[in-house]
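Sequence lines, in order, name chains A and B.
Here my numbering is used: the first residue of the first sequence is 55, the next is one more, and so on.
Here my numbering is used: the first residue of the second sequence is 40, the next is one more, and so on.
Possibly wrong hints are sitting among the right ones.
What the hints assert, rightly or not - Residues of chain B clear of chain A, computed beta-carbon distances all greater than 12 Å: (1) Arg57; (2) Pro98; (3) Arg100; (4) Gln129; (5) Ser132.
What the hints assert, rightly or not - To spell it out: a stretch of chain B is covered by chain A in this simulated footprint if at least three of its residues, at any positions, have a beta carbon under 8 Å from a beta carbon of chain A; those stretches are: (6) 83 to 91; (7) 133 to 144.
Calculated directly from the structure, the hints in this document are not laboratory data.
By construction, the Cβ of each residue, glycine as well, lies at the ideal position given by its N, Cα and C atoms.
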Amino acid sequence: QVHLVESGGGLVKPGGSLRLSCAASGFSFSDYYMTWIRQAPGKGLEWVSYISSSSTYTNYADSVKGRFTISRDNAQNSLYLQVNSLRAEDTAVYYCARQTGDNYFDSWGQGTLVTVSS
Amino acid sequence: DIQMTQSPSSLSTSVGDRVTITCRASQSIASYLNWYQQKPGKAPKLLIYAASSLQSGVPSRFSGSGSGTDFTLTISSLQPEDIATYYCQQSYSTPWTFGQGSKVEI
Numbered sequence: 055q056v057h058l059v060e061s062g063g064g065l066v067k068p069g070g071s072l073r074l075s076c077a078a079s080g081f082s083f084s085d086y087y088m089t090w091i092r093q094a095p096g097k098g099l100e101w102v103s104y105i106s107s108s109s110t111y112t113n114y115a116d117s118v119k120g121r122f123t124i125s126r127d128n129a130q131n132s133l134y135l136q137v138n139s140l141r142a143e144d145t146a147v148y149y150c151a152r153q154t155g156d157n158y159f160d161s162w163g164q165g166t167l168v169t170v171s172s
Numbered sequence: 040d041i042q043m044t045q046s047p048s049s050l051s052t053s054v055g056d057r058v059t060i061t062c063r064a065s066q067s068i069a070s071y072l073n074w075y076q077q078k079p080g081k082a083p084k085l086l087i088y089a090a091s092s093l094q095s096g097v098p099s100r101f102s103g104s105g106s107g108t109d110f111t112l113t114i115s116s117l118q119p120e121d122i123a124t125y126y127c128q129q130s131y132s133t134p135w136t137f138g139q140g141s142k143v144e145i
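Chain A with its partners taken away, still in its complex shape (with noise of 0.2 Å):
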């Protein structure tokens, strides 16, 4: 039963900078690309980043490139999300999703939140 735990949000001034952790179980985690996803208070999904199985590949949103780093460490079975000069509309529910061949998002973690106010 594939299971994954997101960690790491927080309240954190604007210019600030968070690590996101998402603990993965219960699939072969190097076999899979990764992404995160997220989702403002009361608004719409926002797919952020993803990454390859062996970390070959990384690709990012418009809307965070330069800010925002996806990494991910096989032998840990952990996907993390380096967010850096974070801003007001970085505020969201950020949640790790297990991305398939076809790119679509077949498991989710239940997504930690990212507050940004001074």
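Position chain B relative to chain A; hints supplied.
Relative to the frame of chain A, chain B by itself:
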């Protein structure tokens, strides 16, 4: 970027009703269209992938159709547990984009 537009944004229904939600892409995406269900306070859940394939464990009252730019999610007989917001997502090209959501209420 490919824009995804859903309609309606919200709909009020009754148990047992047939519910149809549409999703339109700003350019052709073949069958690279997926549907998710999100209940309040919960993570989204995959319902349909590749326009018409039912994800394992999803009730057969859910179905999807379409190709190119126009797609439909149908709930054949609405159940109380189907009250949720539904999102379409294109997986044709990055950035992966979602529709704005369709909220189904009773």
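A quick look at each hint next to the structure:
1. Consistency note on B:Arg57: stated as away from chain A, and its beta-carbon is indeed over 12 Å from all of that chain's, at 25 Å minimum.
2. No Cβ of chain A approaches the Cβ of B:Pro98 within 12 Å, the least distance being about 17 Å, so the stated non-interface status holds.
3. No beta-carbon of chain A comes within 12 Å of the beta-carbon of B:Arg100; the shortest separation is about 20 Å.
4. B:Gln129, annotated as away from the interface, has a beta carbon of chain A within 12 Å; the closest lies near 9 Å.
5. The claim that B:Ser132 lies off the interface is violated: its Cβ sits roughly 9 Å from the closest Cβ of chain A, which falls inside the 12 Å cut-off.
6. Judged by the Cβ-Cβ criterion of 8 Å, the segment 83 to 91 of chain B is covered by chain A as claimed, because 5 of its residues qualify and three suffice.
7. Check on the segment 133 to 144 of chain B: 8 of its residues sit with their Cβ under 8 Å from a Cβ of chain A, so the three-residue criterion for coverage holds.
The structure does not agree with the numbered hints 4 and 5 stated previously, though it agrees with the rest.
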